[in-house]
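Protein chains in written order, with this note's numbering: chain A, 1 to 82; chain B, 1001 to 1082; chain C, 2001 to 2146; chain D, 3001 to 3146.
Hint data in this document are derived by calculation from the structure and do not stem from the laboratory.
Note that the structure is predicted; figures quoted are calculated from it, not measured.
The C-beta atom is built at its ideal place from N, Cα and C for all residues, glycine as well.
Among these hints, one or two may not hold up.
If the Cβ cut is set under 8 Å, some of the chain D residues that face chain C in the computed set are [to be verified]:
| id | residue |
| --- | --- |
| 1 | G3013 |
| 2 | V3014 |
| 3 | V3016 |
| 4 | S3031 |
| 5 | T3033 |
| 6 | E3065 |
| 7 | G3087 |
| 8 | M3111 |
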Amino acid sequence: MIDVLYFAWVRERIGLPRERLETRATTVAGLVEELRAREERYAAAFADLSALRVALDQELSSFDAPLAGVREVAFFPPMTGG
Amino acid sequence: MIDVLYFAWVRERIGLPRERLETRATTVAGLVEELRAREERYAAAFADLSALRVALDQELSSFDAPLAGVREVAFFPPMTGG
Amino acid sequence: MRVAVQSGAFDLGVEVSAFSAAVPGAGAVVSFTGLVRDEGGRLSAMEIEHYPGMTETAIAGMVAEAVRRWSLVDALVIHRHGRLAPGEAIMMVATAASHRGDAFAAAEFLMDYLKSRAPFWKKEIGADGAEWVAAKDSDEDALKRW
Amino acid sequence: MRVAVQSGAFDLGVEVSAFSAAVPGAGAVVSFTGLVRDEGGRLSAMEIEHYPGMTETAIAGMVAEAVRRWSLVDALVIHRHGRLAPGEAIMMVATAASHRGDAFAAAEFLMDYLKSRAPFWKKEIGADGAEWVAAKDSDEDALKRW
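Extracted from the complex, chain A is given alone in its bound form:
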């Protein structure tokens, strides 16, 4: 089981801020494929990965990173702090 978090317009498009999932994926990209296949709203949210960022256990990571041992994955658009 893995916690998946969504922020900003990713959260709005998918319609929820977080969910707990069972996944067979071994990489972030694999997880994205599973999500895209679930429902149209996921496919819409993950249509363009270049517009997305990912954090693994609250650290910025990349889509080809392995998921082994990861408890929390977060997807969000490029940050706009400051």
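For chain A, the structure is supplied; the task is to place chains B, C and D on it using the hints.
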């Protein structure tokens, strides 16, 4: 007649903050020569022109600048504001 | 070094004053404050979403990196989230150092990283709807100078 | 735009607060404050001499130049003269702009020029006598980047 002002260690070396002088000099360098010739304390203050700055009528200038029309000449070390 | 992520307002004057009073030996204090622009009256509010937990860790990491790179006496980051009105302070950074070069560089470094690497997302609420602020290429490019 | 050359102390917090409250439309406010360092206890006071008249004109010229170079909403310079104790604020600069790049650049520009082109001279009063602060080559060099 011209007002001559001294600041910081130039003032301390010469021993006064300002004086009113009659000068025949046509440039700042000429005025410096006249001052140097007056007394030892002036010669000491003006020993090294590279350690000095000059302002004419409250604007930074240079030692080869003409004195025509100038009412106030100020000599001082490089500034240390901020 | 203090990092605060909060929904409540902060008093810029009080913070800058307290910060600069508590840096014995420092000769230079720089502060940066980001305000909600009104965009010529088109903006009625700004909503700032963040990633609780990661936000604090990410900012603390940036401050630690600034301390590694420059000779700092102290540093402070306060960043708000939630709904803010035009004119309100979104965030502030303050740095103190012996010399101005270190204080300025560290403040700019922290700002550049906060812009693009701290997990905040801004949404502008206007008369004609709400829109997520897009990240700017220029902000990403700004990171390359460090 | 305000320039103040004064012997009296100013309240940094009050000044920064008032400045940032009076810049409608600005998104970025930068402040710099120069403090008297205690130099590890060796300094008992700092005396700042200035050239009344020229000081105000020179600083106003720097502010005008900053306004020409960057897109500023407002700028403020306060610089003290006379006798100051360690820890006291010598001077401050504040700049406000739509974007942080302009606010930071203008503040650094003003600081670099105030250091080497505003007619102030600092004298450090210590246990073992008084000494005029020498201008640094690095401060003169800092002007070349503008």
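So, going through the hints one by one against the coordinates:
no., hint, verdict
1, G3013, "holds (3 Å)"
2, V3014, "holds (6 Å)"
3, V3016, "holds (5 Å)"
4, S3031, "holds (5 Å)"
5, T3033, "holds (4 Å)"
6, E3065, "violated (19 Å)"
7, G3087, "holds (7 Å)"
8, M3111, "holds (6 Å)"
Comparing the model with each numbered hint stated earlier shows that hint 6 is the single one that does not hold.
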